[in-house]
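Number of protein chains: 2
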Amino acid sequence: MSDSPPEPIDLADCPLPIAPHDTIQMGHGAGGRMTQSLISRLFRWAFDNEALNKLDDMAVVPLDGSKLSVSTDSFVVDPIFFPGGDIGELAVYGTVNDVAMAGARPVYLTAAFIIEEGLPLTDLTRVVISMRDAARRCDVTIITGDTKVVPKGKGDKLFITTTGIGVVTHPHTISGSNLQPGDKIILSGSIAEHGMAVLSKREGMRFEIPVESDAANLHPLVCPLVRTFGAGIHAMRDATRGGVAAVLNEFAAGSKVGIRIQEQAIPILPAVASACGMLGLDPLYVANEGKMLLSVAADRADQILTMMRAHPLGKNAAIIGDVVAGSAGLVSMQTLLGSWRIVDVPLSEQLPRIC
Amino acid sequence: MSDSPPEPIDLADCPLPIAPHDTIQMGHGAGGRMTQSLISRLFRWAFDNEALNKLDDMAVVPLDGSKLSVSTDSFVVDPIFFPGGDIGELAVYGTVNDVAMAGARPVYLTAAFIIEEGLPLTDLTRVVISMRDAARRCDVTIITGDTKVVPKGKGDKLFITTTGIGVVTHPHTISGSNLQPGDKIILSGSIAEHGMAVLSKREGMRFEIPVESDAANLHPLVCPLVRTFGAGIHAMRDATRGGVAAVLNEFAAGSKVGIRIQEQAIPILPAVASACGMLGLDPLYVANEGKMLLSVAADRADQILTMMRAHPLGKNAAIIGDVVAGSAGLVSMQTLLGSWRIVDVPLSEQLPRIC
Numbered sequence: 001m002s003d004s005p006p007e008p009i010d011l012a013d014c015p016l017p018i019a020p021h022d023t024i025q026m027g028h029g030a031g032g033r034m035t036q037s038l039i040s041r042l043f044r045w046a047f048d049n050e051a052l053n054k055l056d057d058m059a060v061v062p063l064d065g066s067k068l069s070v071s072t073d074s075f076v077v078d079p080i081f082f083p084g085g086d087i088g089e090l091a092v093y094g095t096v097n098d099v100a101m102a103g104a105r106p107v108y109l110t111a112a113f114i115i116e117e118g119l120p121l122t123d124l125t126r127v128v129i130s131m132r133d134a135a136r137r138c139d140v141t142i143i144t145g146d147t148k149v150v151p152k153g154k155g156d157k158l159f160i161t162t163t164g165i166g167v168v169t170h171p172h173t174i175s176g177s178n179l180q181p182g183d184k185i186i187l188s189g190s191i192a193e194h195g196m197a198v199l200s201k202r203e204g205m206r207f208e209i210p211v212e213s214d215a216a217n218l219h220p221l222v223c224p225l226v227r228t229f230g231a232g233i234h235a236m237r238d239a240t241r242g243g244v245a246a247v248l249n250e251f252a253a254g255s256k257v258g259i260r261i262q263e264q265a266i267p268i269l270p271a272v273a274s275a276c277g278m279l280g281l282d283p284l285y286v287a288n289e290g291k292m293l294l295s296v297a298a299d300r301a302d303q304i305l306t307m308m309r310a311h312p313l314g315k316n317a318a319i320i321g322d323v324v325a326g327s328a329g330l331v332s333m334q335t336l337l338g339s340w341r342i343v344d345v346p347l348s349e350q351l352p353r354i355c
Numbered sequence: 001m002s003d004s005p006p007e008p009i010d011l012a013d014c015p016l017p018i019a020p021h022d023t024i025q026m027g028h029g030a031g032g033r034m035t036q037s038l039i040s041r042l043f044r045w046a047f048d049n050e051a052l053n054k055l056d057d058m059a060v061v062p063l064d065g066s067k068l069s070v071s072t073d074s075f076v077v078d079p080i081f082f083p084g085g086d087i088g089e090l091a092v093y094g095t096v097n098d099v100a101m102a103g104a105r106p107v108y109l110t111a112a113f114i115i116e117e118g119l120p121l122t123d124l125t126r127v128v129i130s131m132r133d134a135a136r137r138c139d140v141t142i143i144t145g146d147t148k149v150v151p152k153g154k155g156d157k158l159f160i161t162t163t164g165i166g167v168v169t170h171p172h173t174i175s176g177s178n179l180q181p182g183d184k185i186i187l188s189g190s191i192a193e194h195g196m197a198v199l200s201k202r203e204g205m206r207f208e209i210p211v212e213s214d215a216a217n218l219h220p221l222v223c224p225l226v227r228t229f230g231a232g233i234h235a236m237r238d239a240t241r242g243g244v245a246a247v248l249n250e251f252a253a254g255s256k257v258g259i260r261i262q263e264q265a266i267p268i269l270p271a272v273a274s275a276c277g278m279l280g281l282d283p284l285y286v287a288n289e290g291k292m293l294l295s296v297a298a299d300r301a302d303q304i305l306t307m308m309r310a311h312p313l314g315k316n317a318a319i320i321g322d323v324v325a326g327s328a329g330l331v332s333m334q335t336l337l338g339s340w341r342i343v344d345v346p347l348s349e350q351l352p353r354i355c
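Which chain is which? The protein sequence lines are A and B, in order. The working numbering puts the first residue of the first sequence at 1, with every later residue one more than the last. The working numbering puts the first residue of the second sequence at 1, with every later residue one more than the last.
Since the hints were made in silico from the structure, they are not lab data. Be aware that one or more of the hints could be misleading.
The list makes no distinction among identical chains, and a pair is therefore deemed to hold if it is satisfied within one copy or across any two copies.
To be verified - Calculated cross-link-like contacts (lysine to any residue; reagent style SDA-like; alpha-carbon spacing at most 20 Å):
1) Lys154 with Pro171
2) Lys256 with Arg132
3) Lys154 with Gln350
4) Lys315 with Glu263
5) Lys152 with Thr23
6) Lys256 with Ala297
7) Lys154 with Pro62
8) Lys54 with Asp282
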C-alpha cells in the first residue's frame, strides 16, 4: 500500500462510468434507478457472488449444514423520533422483516451505533429501550454490537446499522427472481403510512388526521403462510424505501416478467391519500415499514389471502394484480379511470432519509 | 406510540445516571472507561443476554445445531485513505479478525455503507475494490449489503459497517473471561503502527521513517494455533481501539485476575517508538489492526510462540507477561527502569476515529 495520495487504481474494467468530477448524490441512496445502477454496476461487479447477485434484500446462504437468511441495513432516518415509532424500533423491524422475507425464522441481531457528539443521553437511552422492546416482540436476541462517536457536524444525531441472522427450514425458493407468469400479486395492507409519518414530523406539518408509521414485525404474518403454502409462495418483499412501486419493479426485473396491477385494489387510508394528494406525492412510491408484497401461485391465492386477513397485520390484505409473461420488467397499472399507465422506477428520491 | 414530543420514558431503573443535560462525548466512542461505562450500564442493561454479557468483541452463539461466531463494527476512520490501507480494507480485516478471535473460520461478511453526498465516485470505487481484494485474501464472501446517502454536512465522506459470520468447530472456550492464573500473555508483534499511520496522515505529519498501518487478516495465524493447541489457548483478542492496554484491562476485568507485563518484552519499531515519544503518546494505548494478544497455558506457551513465529504475521511474537491470581482486574507493568506501574484504562481517547 502507499502513502498519500493513494495510488491511482485501474478503473478500466469497472462498469460504472466514472468521470473525475462524478460524486455521490442523494439519489444514489433513495432506492430508485440511481441506487440500482450503483449497486449493479459497482457493488455487484466488485463483490460478484451468487447470493448477492439475486439482489434480494437478504441473502440465503448455506453454513455448516444449515441454511441461513442474513440481512443488513443502515438506518439514517431523520428525525430519529416520529409519529408511531423511532429509529431504534425501525432498525429492529426493518432488518427482522428482511430476514423473514426468505421465509426464515429471525433469531439473532447485531447493532452498531454511530453517534454524533452532543446527542442527549436521554435520546440514546430512549432509542435503546425501544430496540430492546422491539427485539422482544420479534423474539430475536441482540448478541453483539459496536459504538462509535463522531464529532459534532460529522454525523446526524444517530445512525444504527443492524444485521439479522435467521434460519431457513423450508426447502422452497422464495425470491424476487422467482415470480411465475399467472401468479397473483398480494399486498398485505394500506400503503404509504411510514413515509408520510416521517415527513410530517420532519417538515412540521399537521395533517387533519395524524398519520402514524406502520412499522411492525411481519414474521408472525409470514411464518404460518410459508408453513402452510410453501411452494405456492414464489416471492415476498417488504415495501420499504421506494414503496410498492420499487418492489414491483424489482420483482418484474428480477424475474423477467411483466406485472399488471389495479389502482382500485390498492388499500390506502383516506388521511394518507389526502396528505399525499396535497403534497403531490404518489403513494405508490412512499415507504412502508410493516407492509409486504407477495407473488403467489394463482390457485392458492384466495386461501393465502384468507389466512393473511385473519391476522391483524394482514386484515386489509388484497390481491392487487397479476404476473404476465412477456413485457419483461414492465409494471403497469390500470388507473381508477380505466386507462393503463406504466409504474416506472423513479430516477431519484421523492423522500430522502425515511429509513 | 406517540406524536412529538415523544412520551417521557421511565428511566428510573436504568443504571446509567442521566441528567437532562448529559450528552454523548467523543470519549464515549474511544474504547476507554467512558465507552465501557456506556456499554455496561446502557447496552448490557437493556439487551441483557449471555452472549452479549461476555463482552468479547464477538458473540459465540448456537444456531440450528452449529456454533457461530458473529461480530459487527462500524468504521468511521478519518481520513479514509491512510498509509498502508484504507477504510474498506479495515472494515474487512477488522470484522474478520473479531470473528476469528473465537477460533472460528470466518465465512460471510455483510457491508452497509453510509455515504456523505458529494463523495467522489472514484473514492467509493477505490474503497469497494479494496474491500473486494481484502475479502478475497480472507476467503470470505460479501453476501449482502446496504447503501444510504446522507446530505453534505450530515456525515463524513464514508462510514462502513461490516458484520462477519464464522463457524466454530472446536469445543473449547476461548474468551476474555477465560484467563487462568499462571497463563502466559503473548503479543503477536510490534505495536502502535495503525494508530500512528492514521494520525500522521490526518495531521499531515511526516515522520523520518514513514509508519504504515499493520492492517492484516489474522485468521491464518490463529487457525493452526487453535487446531494444534486447542484447550491450551484461553483467550485471544486483536488489540485495536485502545491498544494493548485496553485489551489487557478487558482480559483482567473479564476474568477477575491480575496481569503483569514486562515493558522490555514488548516489540515496537524504532520509528513508531520515536514518533510516539515526539507526540507524547503512550504506544500501549495506540490502536493496531493486525496484532493480537493471547493468554495461554504456561506449559504450552513456548510451543505456541514457536508456531506463531514461523508465520510472517507472528514473526516478532513475544511472551510479554503472565496472569496472576488476586489483584483482580489490575494490569501492572515493570518498566525499562525496573519499577512497576499500573497500566490503567484511559478515561477517554488519545486518538479518536482511528478505526
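How would you label the pair lysine 154, glutamine 350 (within, between, both, or neither) given a Cα cut-off of 20 Å? between (25 Å within a copy, 19 Å between copies)
Go through the copies and call it for lysine 256 and alanine 297: within, between, both or neither, with a Cα cutoff of 20 Å. within (17 Å within a copy, 60 Å between copies)
Regarding lysine 256 and arginine 132, is the shortest C-alpha distance of 20 Å or less found within a copy, between copies, in both, or in neither? Result: close neither inside a copy nor across copies, 40 Å intra and 29 Å inter.
Checking lysine 154 and proline 62: alpha-carbon separation at most 20 Å within a copy, between copies, both or neither? neither (39 Å within a copy, 38 Å between copies)
Have a look at lysine 152 and threonine 23 and pick one of within, between, both or neither, based on CA distance no larger than 20 Å. The answer is between: 11 Å across copies meets 20 Å, while 24 Å in one copy does not.
Using 20 Å as the alpha carbon limit, work out where lysine 315 and glutamate 263 are close: within a copy, between copies, both or neither. within (19 Å within a copy, 68 Å between copies)
Intra/inter-copy verdict for lysine 54 and aspartate 282 if alpha-carbon distance must be at most 20 Å: Cα proximity of lysine 54 and aspartate 282: none, with 28 Å in one copy and 49 Å across.
Within, between, both or neither: lysine 154, proline 171 at alpha-carbon 20 Å: neither (46 Å within a copy, 44 Å between copies)
Violated hints, in rising order: 1, 2, 7 and 8; the structure is consistent with all others.
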